[in-house]
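Asks: Following the hints, position chain C against chain V.
One-letter residues, chain by chain:
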Amino acid sequence: MAYSNEVRDSFSKELDGIREAGLFKEERWIKSPQAADIEVEFPAGAEGKKVINFCANNYLGLSNHPDVVEAARIGLGTRGYGLSSVRFICGTQDIHGHLEHRLTEFLGTEDTLLFPSCMDANAGVFEAILGDQDIMIADRLVHASIVDGMRLCKAMRDTYKHSNMEHLEEKLQDHQDKRIRLIITDGVFSMDGDLAKLDEIVALAEKYDAMVFVDDSHASGFIGKTGRGTHEHCGVLSQIDIITTTLGKALGGASGGCVSGRKELVELCRQRARPYLFSNTVAPVIVSGAIKVLDLVSATTERRDKLEWNTKFWRDGLVKMGLDIKAGDSPIVPVMLYNAKLAQDMARDLYEEGIYVVGFFFPVVAKGQARIRTQLSAAHDQHHLEKGLEAFAKVADKYGILGKSKKEIKEMYGL
Amino acid sequence: MEEYKKAILEYVIKEYLEDDEDEEITYDTELISGGIVDSFSMVSLKRFLENKYDIQIPDADASPEAFDSVDKIAALVVRFKQA
Numbered sequence: 000m001a002y003s004n005e006v007r008d009s010f011s012k013e014l015d016g017i018r019e020a021g022l023f024k025e026e027r028w029i030k031s032p033q034a035a036d037i038e039v040e041f042p043a044g045a046e047g048k049k050v051i052n053f054c055a056n057n058y059l060g061l062s063n064h065p066d067v068v069e070a071a072r073i074g075l076g077t078r079g080y081g082l083s084s085v086r087f088i089c090g091t092q093d094i095h096g097h098l099e100h101r102l103t104e105f106l107g108t109e110d111t112l113l114f115p116s117c118m119d120a121n122a123g124v125f126e127a128i129l130g131d132q133d134i135m136i137a138d139r140l141v142h143a144s145i146v147d148g149m150r151l152c153k154a155m156r157d158t159y160k161h162s163n164m165e166h167l168e169e170k171l172q173d174h175q176d177k178r179i180r181l182i183i184t185d186g187v188f189s190m191d192g193d194l195a196k197l198d199e200i201v202a203l204a205e206k207y208d209a210m211v212f213v214d215d216s217h218a219s220g221f222i223g224k225t226g227r228g229t230h231e232h233c234g235v236l237s238q239i240d241i242i243t244t245t246l247g248k249a250l251g252g253a254s255g256g257c258v259s260g261r262k263e264l265v266e267l268c269r270q271r272a273r274p275y276l277f278s279n280t281v282a283p284v285i286v287s288g289a290i291k292v293l294d295l296v297s298a299t300t301e302r303r304d305k306l307e308w309n310t311k312f313w314r315d316g317l318v319k320m321g322l323d324i325k326a327g328d329s330p331i332v333p334v335m336l337y338n339a340k341l342a343q344d345m346a347r348d349l350y351e352e353g354i355y356v357v358g359f360f361f362p363v364v365a366k367g368q369a370r371i372r373t374q375l376s377a378a379h380d381q382h383h384l385e386k387g388l389e390a391f392a393k394v395a396d397k398y399g400i401l402g403k404s405k406k407e408i409k410e411m412y413g414l
Numbered sequence: 000m001e002e003y004k005k006a007i008l009e010y011v012i013k014e015y016l017e018d019d020e021d022e023e024i025t026y027d028t029e030l031i032s033g034g035i036v037d038s039f040s041m042v043s044l045k046r047f048l049e050n051k052y053d054i055q056i057p058d059a060d061a062s063p064e065a066f067d068s069v070d071k072i073a074a075l076v077v078r079f080k081q082a
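Just so you know, the sequences run in chain order V and C. Counting with numbering that gives the first Met the number 0, you get residues 0 to 414 for the letters of the first sequence. Counting with numbering that gives the first Met the number 0, you get residues 0 to 82 for the letters of the second sequence.
Worth flagging that the hints you see were computed from the coordinates, not collected in a lab.
Listed below are the simulated BS3-like cross-link pairs for lysine-lysine, each with C-alpha atoms no more than 27 angstroms apart in a straight line:
no.: 1; chain 1: C; residue 1: Lys51; chain 2: V; residue 2: Lys177
no.: 2; chain 1: V; residue 1: Lys196; chain 2: C; residue 2: Lys13
no.: 3; chain 1: C; residue 1: Lys13; chain 2: V; residue 2: Lys405
no.: 4; chain 1: C; residue 1: Lys13; chain 2: V; residue 2: Lys325
no.: 5; chain 1: C; residue 1: Lys13; chain 2: V; residue 2: Lys406
no.: 6; chain 1: V; residue 1: Lys366; chain 2: C; residue 2: Lys5
no.: 7; chain 1: V; residue 1: Lys177; chain 2: C; residue 2: Lys45
So that you can see chain C by itself, here it is in the shape it has in the complex:
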């Protein structure tokens, strides 16, 4: 689980933070409701997870709630890896 979280956090920082941004993101930072990731930009996160972990996340499961923190995203990955 920790390994997933680390990789996801790394991707979120690289993909969503502007280079000059000094915002700190942790595992429980609210990504969608906190305005860091908008709903359009979630698409690239979903694609990253599917490619990296070789899973398919149905659109219904890729909700803003399920993607709202690194903790929640890692839990989602675990669920689909086990499925």
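Just chain V, with the same shape it has in the complex:
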């Protein structure tokens, strides 16, 4: 079929529909390395604006750490730019093996396999280990990449209400006739910032003979006393059967992900997971940088401790000024606004005040649950947080929502 004018028009109309629904996403060009202070060109062609970044996954501030950059540079010099191969043909260097070994040690598992991203890890892992006699029971708020991975797997699917252990228990009882039951959850939920109750989940898994899968992308490197993740925080290190996580957030922020866990399951991924088998190896420069990141996070907890302090300061500040936030301990702090337009308008005004945040609304979050998701970093210093709080107070006051409850905001702006 030729790309005729009619075909072009039909696609253009689809794009118009996305714009009309207020769902059109525009990229903002950042003209500096990732950091607390960044320079942004927005809208396109505008002069660069210096803003404080409160929406990066740069939790530990390692995305542009000089030691990581230098390690990446050395990797580039000694192992080259690319490998032009998938892993199992001629794409595995010694450093890939070293990084997998280091991740296994850090996560407290039995074995690890690198993927080009955690999205790829999640896309491949379920299909590699489960069959049509098995059941996947997922928390209803798991990340989109898990949903996609579950779609690609022949096993049956079910869900439980978000973090609702009674509901999960009912589902485990319902599915006792299946060969394998796999409980699937995020460690830290990316939109709400709350932590999975992994201690209770592991206990239920033992009671009902199930396995546990955790995507710890928003936790690896900083949740838990030594930053190993949600399983450390919940006291269940070595009891999670499968962990997927990313190198693209706290652990350097470049790219790459992994499946880590029981050695037989990891080996099945090495044999069968399609994103591993059919996409290129992780580039040497990324692998070298990630090994240095693990050196840094294993040597000291200084950065995750600072992040913890920043998180508390920020959460306390928002609550004191009278904003409605999702309670929790993680550096993902959603400011609840419920109305999609209010979230967009406030994010725009905050940008004018030099604070870079983004409004989230349906379908990214449930209808009537619009919010501005703020994210803390160890790269933030107290003056960044103070300026951020000042801006939030000013903008929230403009919209008259300080001290207002969900019900009151709903009455003022609708859902």
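Replies: Quick look at chain C alone, frame taken from chain V:
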């Protein structure tokens, strides 16, 4: 029919609404297109209908359109009860 609708609505509220949710669901509320029930969670609804009403709903009939409101689900149950 009314009896089916009542039982289905009760199940939908118990199974799909979070405890702190103040959303109201009626017989014609859009469940799938309204974002209340996602496609994965439909599985438990289908299982509930099959067990409660002793019917078998083929996957082809358990479409998001057919499950999009309590009204439509009740109509589906009636159709399979009669079959």
